[in-house]
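Spelled out, the chains give:
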Amino acid sequence: MAPPESNGAPVLEVTNLTKHFVVRRGGLGFSTGVVRAVDGVSFAIPAGSTLGLVGESGCGKTTTSKLILALETPTTGSIRFEGHDVSALERASRREYRRAVQAVFQDPYASLDPRMRVGAIVAEPLVINADLDAAGRRRRVAELLDLVGLPARAATLYPHEFSGGQRQRVAIARALALSPRLVVLDEPVSALDVSIRAQILNLLVDLQQRLGVSYLFIAHDLAAVAHMSRTIAVMYLGKIVELGDADAVALAPKHPYTKALFAAALPIDLDQPREEVTLSGEVPSPLAPPGGCRFHPRCPFVMPHCATEEPALRSESGRLVACHLY
Amino acid sequence: MSVVAIPETQAAPAPASRRQRLPLVSLSIVAAFVLVALLAPLLAPSDPYDQSLRLRFRPPVWEERGSWSYPLGTDRLGRDLLSRIIYGARVSLAAGVVTVLISSAFGAAVGLVAGYYGGRTDAALMRATDATLSFPVILLALILAVTVGPSFTNVVIAIAVILWARYARVIRGQVLTLMTLDFIAQARIAGAGAWRIITRHLLPNTLNTLVVLITLQVGYVIIVEASLSFLGAGIPPPTPAWGSMIAEGRDFVTSAWWVSFFPGLAILLVVLAFNLLGDWLRDTLDPRLRQL
Amino acid sequence: MPAVIDVRDLRTHIVTRWGTIKAVDGVSFALDEGETLGLVGESGSGKSMTCLSLVRLVPRPAARIVGGEVRLDGEDVLAKSEAEMQQIRGRKMAMILQDPMSSLNPVFSIGMQMREPLAMYHGLRGNAVAARAAELLAAVRIPSPAARLRAFPHQLSGGMRQRVVGAMAIAGPPRLLMADEPTTSLDLTIQAQYLGLLKELQQRHRFAMIFVTHNLGIVARTCDRVAVMYAGRVVEMGPVRRIFTEPAHPYTRALLESIPRFGVRRERLTAIAGQPPDLARLDAGCAFAPRCPAALDRCAEAPPEVTIAPGHTTRCWLHGPA
Chain F
441 MAPPESNGAP VLEVTNLTKH FVVRRGGLGF STGVVRAVDG VSFAIPAGST LGLVGESGCG
501 KTTTSKLILA LETPTTGSIR FEGHDVSALE RASRREYRRA VQAVFQDPYA SLDPRMRVGA
561 IVAEPLVINA DLDAAGRRRR VAELLDLVGL PARAATLYPH EFSGGQRQRV AIARALALSP
621 RLVVLDEPVS ALDVSIRAQI LNLLVDLQQR LGVSYLFIAH DLAAVAHMSR TIAVMYLGKI
681 VELGDADAVA LAPKHPYTKA LFAAALPIDL DQPREEVTLS GEVPSPLAPP GGCRFHPRCP
741 FVMPHCATEE PALRSESGRL VACHLY
Chain Y
46 MSVVAIPETQ AAPAPASRRQ RLPLVSLSIV AAFVLVALLA PLLAPSDPYD QSLRLRFRPP
106 VWEERGSWSY PLGTDRLGRD LLSRIIYGAR VSLAAGVVTV LISSAFGAAV GLVAGYYGGR
166 TDAALMRATD ATLSFPVILL ALILAVTVGP SFTNVVIAIA VILWARYARV IRGQVLTLMT
226 LDFIAQARIA GAGAWRIITR HLLPNTLNTL VVLITLQVGY VIIVEASLSF LGAGIPPPTP
286 AWGSMIAEGR DFVTSAWWVS FFPGLAILLV VLAFNLLGDW LRDTLDPRLR QL
Chain S
81 MPAVIDVRDL RTHIVTRWGT IKAVDGVSFA LDEGETLGLV GESGSGKSMT CLSLVRLVPR
141 PAARIVGGEV RLDGEDVLAK SEAEMQQIRG RKMAMILQDP MSSLNPVFSI GMQMREPLAM
201 YHGLRGNAVA ARAAELLAAV RIPSPAARLR AFPHQLSGGM RQRVVGAMAI AGPPRLLMAD
261 EPTTSLDLTI QAQYLGLLKE LQQRHRFAMI FVTHNLGIVA RTCDRVAVMY AGRVVEMGPV
321 RRIFTEPAHP YTRALLESIP RFGVRRERLT AIAGQPPDLA RLDAGCAFAP RCPAALDRCA
381 EAPPEVTIAP GHTTRCWLHG PA
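Line order of the protein sequences matches chains F, Y and S.
So the mapping is simple: my numbering equals the position in the first sequence, first residue as 1, plus 440.
So the mapping is simple: my numbering equals the position in the second sequence, first residue as 1, plus 45.
So the mapping is simple: my numbering equals the position in the third sequence, first residue as 1, plus 80.
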């Protein structure tokens with residue numbers, strides 16, 4: 441399967457994407473606040489490339505992935521898929537978009553219907569999108585299982601007969617069924633045993649090379665993200681604070697939060713020089729983000745005007761950083 | 046923290062000792078009950094409607110004046126008790142099965158829809174369910190009996206109209222748990238609509254719970270039907286029904302004790318068997334439910 | 081001075097319907113005051129079960145400690161009665177588990193939960209309990225500790241809850257603290273704070289620490305020694321620096337090579353072939369042999385522990401004995 445040609449536009453381009461959740465209390469549903477889960481996020485994923493998205497709880501990366509998967513609709517902003525605006529979709533066009541964007545989630549035990557055989561699980565996207573007849577589907581399923589390194593007879597078995605790593609392979613096979621252009625990988629290996637993770641990561645890299653598919657790679661294992669991604673975006677409280685080439689961001693982070701994050705990542709190389717940056721305090725609630733730069737209460741390099749002026753994402757030696765230091 | 050984490054092997058067959066011992070006693074009682082009800086005409090020694098004033102209040106065979114032509118004795122109209130009990134099984138089984146099927150189908154549907162859609166749909170459906178759950182079955186049946194007249198249909202309606210709410214509650218709870226699992230989101234990402242998700246993904250994963258609930262409810266329905274018949278609001282005479290048979294013998298408990306005793310014993314055994322069977326089903330099916 | 085904790089040939093078996101699992105199969109190590117041992121391995125390797133065995137909390141009746149010796153400050157723990165064990169658990173040997181939400185009882189306030197160990201260990205009552213509890217919360221750097229006593233677990237963040245668990249763990253103060261994946265469910269920056277806190281507490285109270293994790297990065301930064309476990313056995317043990325720079329056992333080596341590293345851009349990671357072993361169906365030999373790139377015929381026989389350098393041991397025929 442040779443990688444399909446792209447039309448030059450990035451596979452996915454997100455501009456000023458925003459998602460606000462209204463918090464309601466009480467039986468009649470009075471609104472008591474707004475959670476700005478995603479607040480003006482922009483990035484692009486070229487064809488055949490991987491964007492790594494990192495950040496801690498409350499940063500908005502999960503909501504971002506849901507927006508991209510059309511499981512949520514954006515409050516404002518646009519999502520362009522291969523040049524076409526998909527933010528406000530009707531059913532027919534959303535179907536088309538769905539075929540092109542798929543996902544693999546973290547928990548291999550919850551992402552497969554325990555009542556269905558693996559063959560049916562992998563074939564489901566094909567069934568729903570009425571692509572092929574039964575024989576054609578069987579062939580495609582065999583092809584997909586082979587692609588992910590599972591034997592053909594796996595199609596007749598149930599999920600509980602497989603190990604965690606094998607289940608993730610099934611999930612990957614299912615995600616590839618409709619030949620998507622983008623696959624959202626949300627912590628694809630964190631629930632797996634350490635000795636299995638490398639297998640799955642290698643598989644994902646292989647598939648990217650063979651099929652030309654792009655990835656949005658979300659994980660808290662920063663070394664894995666740096667390994668898999670060409671570009672890394674760091675999110676904090678709904679905003680991107682740094683965006684740039686993966687190696688550059690990982691080895692020479694610029695934004696104070698990125699520095700703290702990667703300092704906490706504890707590389708196993710004992711002699712690796714690290715800037716020790718430990719943050720104080722907790723991640724603030726997304727209901728009431730701090731004014732000015734959202735990170736300023738915890739920032740070890742905080743300056744007076746950080747509390748009043750929100751820094752814009754500016755270009756700084758080849759990458760984007762949102763910080764008054766630059 | 047995993048205390049015992051056994052890595053799974055590929056397609057390891059479960060050893061034969063894995064399945065728990067079948068509950069032979071309850072299973073055979075339930076099977077016997079069903080068979081007796083189905084084959085009543087072949088098994089009953091006499092016609093249950095056959096009256097004989099000469100043979101009134103004959104005792105069971107092991108007492109003086111008893112005889113093998115009426116092994117469990119006769120009632121106040123001289124009808125053979127054993128035959129009436131055998132035919133009464135039909136009524137109980139029919140009432141149990143029909144009522145439970147109707148109420149479980151409707152209740153499960155409500156639970157599935159409420160759990161899937163959530164929000165206002167869920168709130169509205171659950172309010173209706175709560176209201177239904179608080180209404181007493183017996184009262185409703187009595188009202189029907191007084192206004193429309195007692196009949197088999199009325200019994201089924203009275204019970205089913207209230208029983209569905211129990212299924213709705215339980216199934217909705219399970220659906221809420223299932224909805225948090227990723228494979229539902231995956232189905233949506235693949236393009237599945239509500240119908241497909243509900244029928245293809247949610248329903249099969251609630252079947253275990255449904256089966257257990259149905260089994261346990263059959264016993265309950267039998268008791269309610271018997272209570273209604275006892276009160277005169279259920280199956281009208283002369284159709285043999287265990288509840289009305291107990292009622293008929295009420296005034297003669299000291300003299301002709303067998304008229305009330307044996308139908309009561311039948312109810313006890315059958316309901317107990319269904320309850321035990323339901324318990325066993327829940328215990329066997331539960332661990333696999335946990336595998337989610 | 082005897083080691084704080086001295087474990088010799090500890091064996092714990094679990095009887096399941098699939099067979100008997102040797103969850104802990106001859107584990108030995110010793111720790112001094114202020115020393116931290118990292119216990120590394122995957123699910124099923126026996127690292128959690130080892131910790132449970134030390135406090136004799138293995139899940140009965142299926143699991144049983146079937147052999148070995150565990151000495152805490154010279155005293156044989158395995159020989160003690162249940163009543164004596166209750167004096168030791170929590171007070172002299174404490175544990176911090178992975179999920180703070182299930183370590184804390186959701187229906188009781190923090191203060192009420194801390195009352196129990198403080199009353200048990202030190203016989204404190206009333207105001208003395210509250211005062212001591214606030215002291216402990218301050219020791220784990222929880223802001224406004226006195227006010228926090230009235231809070232409920234769900235009102236605290238994950239990091240805070242783990243600190244509360246930590247506070248209860250040092251109430252003894254313990255001689256041995258076992259932390260089983262304490263930071264796995266925490267955010268990265270919170271994790272860094274928490275690891276720093278544990279180190280500080282250890283320096284102050286001089287307890288020995290066993291840190292169970294699958295994250296080698298944490299081990300590299302916080303542990304003095306490492307024991308690598310596979311299928312219930314310690315396949316390699318030694319000082320952190322040695323293990324990371326000169327790993328002896330093929331499993332350790334493969335593990336280190338399979339982990340992505342910053343700044344080393346590789347096309348593919350070196351994956352470990354095969355699947356983790358089925359503990360109910362282990363052969364007699366080395367459990368790692370089926371996946372080992374350097375397996376020999378000899379590996380059909382379980383290798384004994386050999387010392388290849390001071391403090392560095394391994395179980396592998398590649399390193400002898402001849």
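In short, the hints are calculated from the structure, not lab data.
It cannot be assumed that every hint is accurate.
Pair ranges (Cβ atoms, derived) [stated by the list, open to error]:
| hint | chain 1 | residue 1 | chain 2 | residue 2 | range |
| --- | --- | --- | --- | --- | --- |
| 1 | F | ALA532 | Y | GLY218 | 29 to 39 Å |
| 2 | F | GLU512 | Y | ALA169 | 15 to 25 Å |
| 3 | S | GLU155 | Y | ASP175 | 51 to 61 Å |
Please read all numbers here as calculations on a predicted model, not as lab measurements.
Glycine included, C-beta positions come from ideal geometry on N, C-alpha and C.
Hint check results:
no. : hint                               : in the structure
1   : ALA532(F) to GLY218(Y): 29 to 39 Å : 35 Å, holds
2   : GLU512(F) to ALA169(Y): 15 to 25 Å : 24 Å, holds
3   : GLU155(S) to ASP175(Y): 51 to 61 Å : 60 Å, holds
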